[in-house]
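Number of protein chains: 2
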Amino acid sequence: MAAMPPLKPGQALALWHGVMVAALNRSLPDLTARQFALCLHVYQAPPPHTVRGLAATLNMSKPAVTRALDRLEGLEFLRRKADEADRRSILVQRTVKGSVFLREFADLAAEAARKLNNG
Amino acid sequence: MAAMPPLKPGQALALWHGVMVAALNRSLPDLTARQFALCLHVYQAPPPHTVRGLAATLNMSKPAVTRALDRLEGLEFLRRKADEADRRSILVQRTVKGSVFLREFADLAAEAARKLNNG
DNA sequence: TCGTCTCGTTACAGATGCGAAACGAATTCT
DNA sequence: AGAATTCGTTTCGCATCTGTAACGAGACGA
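Protein sequences appear in the order of chains E and F.
Okay, so the first sequence: first residue is 899 according to this note's numbering, each after it adds one.
Okay, so the second sequence: first residue is 899 according to this note's numbering, each after it adds one.
None of these hints come from the bench; they were simulated from the model.
One or more of the hints may lead you astray.
No more than 30 Å apart at the CA atoms, straight line, and that leaves these computed lysine-lysine pairs for DSSO-like [said to hold, decoys possible]:
| no. | chain 1 | residue 1 | chain 2 | residue 2 |
| --- | --- | --- | --- | --- |
| 1 | F | Lys906 | E | Lys906 |
| 2 | F | Lys1013 | E | Lys1013 |
| 3 | F | Lys1013 | E | Lys906 |
| 4 | F | Lys906 | E | Lys995 |
| 5 | E | Lys1013 | F | Lys960 |
| 6 | F | Lys979 | F | Lys995 |
| 7 | F | Lys995 | E | Lys1013 |
| 8 | F | Lys906 | E | Lys1013 |
| 9 | F | Lys995 | E | Lys906 |
Label pairs and their in silico Cβ distance ranges [to be verified]:
| no. | chain 1 | residue 1 | chain 2 | residue 2 | range |
| --- | --- | --- | --- | --- | --- |
| 10 | F | Ala954 | E | Leu926 | 15 to 25 Å |
| 11 | E | Asn1016 | F | Ser925 | 31 to 41 Å |
| 12 | E | Arg950 | F | Arg992 | 34 to 44 Å |
| 13 | E | Asp928 | F | Leu989 | 24 to 34 Å |
| 14 | F | Val994 | E | Asn923 | 23 to 33 Å |
| 15 | F | Asn1015 | E | Gln991 | 21 to 31 Å |
Now the stretches of chain E that chain F is said to cover, found in silico as 3 or more residues with beta-carbon under 8 Å [said to hold, decoys possible]:
| no. | segment |
| --- | --- |
| 16 | 937 to 947 |
| 17 | 1000 to 1006 |
Values in this document were obtained by computation on a predicted structure and should not be read as measured data.
Ideal Cβ positions, reconstructed from N, Cα and C, are used throughout, including at glycine.
Throw the hints in and build the complete structure from the sequences for me.
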């Protein structure tokens, strides 16, 4: 991945504004901030992902993680898999549908960034 | 404002990931996506802002806008003002606290972008 | 084997979100 | 003046979020 261009605070606000308004108008499945962050984290950070680890990293309670996983698994954006090495744990895995969803969101963001320049 | 640098989809995801995780760990007042988009819109788009206009632009129902305003006014991030020209309408205005909040968020985003390069 | 710890989930109670519909107040039309 | 329209808000019923606490299942040391 190429280096991230420097981003000034004012540019960040304009970008967020464009993306969030665009997202609302496309009425994507409306995830809460926690649900979205959790989904994003599973796709962006290297595995393995467990409930306990996600709760710690994302500063959420374990039940909140469980419920977010329920929701995201219902949307087929993520999948639970038993951890064969320690059957108390589960491993949270990526899915095709989740990849597509995040890719669409990413394109939307890239497009919003482009529009900030070219109108 | 200087031109927005081009942003690739993969960079957008990495940026969103960094910002959302950082935001969760700072436990900012947790606004819903609609509340946050509404706040951002009032600060980024030129006034005047009415309930009806916000509802149309942000693809929300009018009651949802009213309730989001209640919440944001409670946090003192926004303020309602009577429209003297048409007393059926209200004008949504910016506040100092709201400016500070968004500035903090913007700094957090800029910092997240920086960290994606320099670790 | 028996206690203890850790894992994720479930049960509970409370807070908060949502849209549809009804509402009062202000404006505009006839 | 009186009717019709438009504004933001409120009410209603429902869905879903939250954290605390309790829980069963698996792992592990004594």
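Point to revise | F:Lys906 paired with E:Lys995 [C-alpha distance capped at 30 Å] | key: Given that 30 Å is the threshold and the Cα spacing comes to 21 Å, the pair holds.
Check your understanding: Within a Cα-Cα threshold of 30 Å, do F:Lys906 and E:Lys1013 meet the stated pairing?
Key -> Between F:Lys906 and E:Lys1013 the Cα gap is close to 13 Å, so the pair holds against 30 Å.
Point to revise | Restraint check for F:Lys1013 with E:Lys906, where alpha carbons must lie at most 30 Å apart | key: Answer holds: F:Lys1013 to E:Lys906 is near 13 Å, not above 30 Å.
Check your understanding: Do the beta carbons of E:Asn1016 and F:Ser925 sit within 31 to 41 Å of each other?
Key -> holds (37 Å)
Practice item. Mind checking the hinted window 34 to 44 Å against the Cβ distance between E:Arg950 and F:Arg992? Key: Holds - the Cβ-Cβ distance for E:Arg950 and F:Arg992, about 42 Å, lies within 34 to 44 Å.
Point to revise | Outcome, coverage of the segment 937 to 947 of chain E by chain F - at least 3 residues whose beta-carbon is closer than 8 Å to one in that chain | key: It holds, with 5 qualifying residues against the three required.
Point to revise | Hint consistency between F:Lys995 and E:Lys906 [alpha-carbon to alpha-carbon, up to 30 Å] | key: holds (21 Å)
Check your understanding: Does F:Lys960 lie within 30 Å of E:Lys1013 when you go C-alpha to C-alpha?
Key -> holds (28 Å)
Check your understanding: So the hint says 24 to 34 Å: do the beta-carbon atoms of E:Asp928 and F:Leu989 match that?
Key -> holds (28 Å)
Practice item. Just tell me: holds or violated, for the beta carbon distance of F:Asn1015 and E:Gln991 against 21 to 31 Å? Key: holds (29 Å)
Review point. So the hint says 23 to 33 Å: do the beta-carbon atoms of F:Val994 and E:Asn923 match that?
Key: The hint (23 to 33 Å, Cβ to Cβ) holds, given that F:Val994 and E:Asn923 are roughly 30 Å apart.
Check your understanding: Taking the beta carbons of F:Ala954 and E:Leu926, is their distance inside 15 to 25 Å?
Key -> holds (19 Å)
Going down the numbered hints, you'll see the structure goes against none, and every one checks out.
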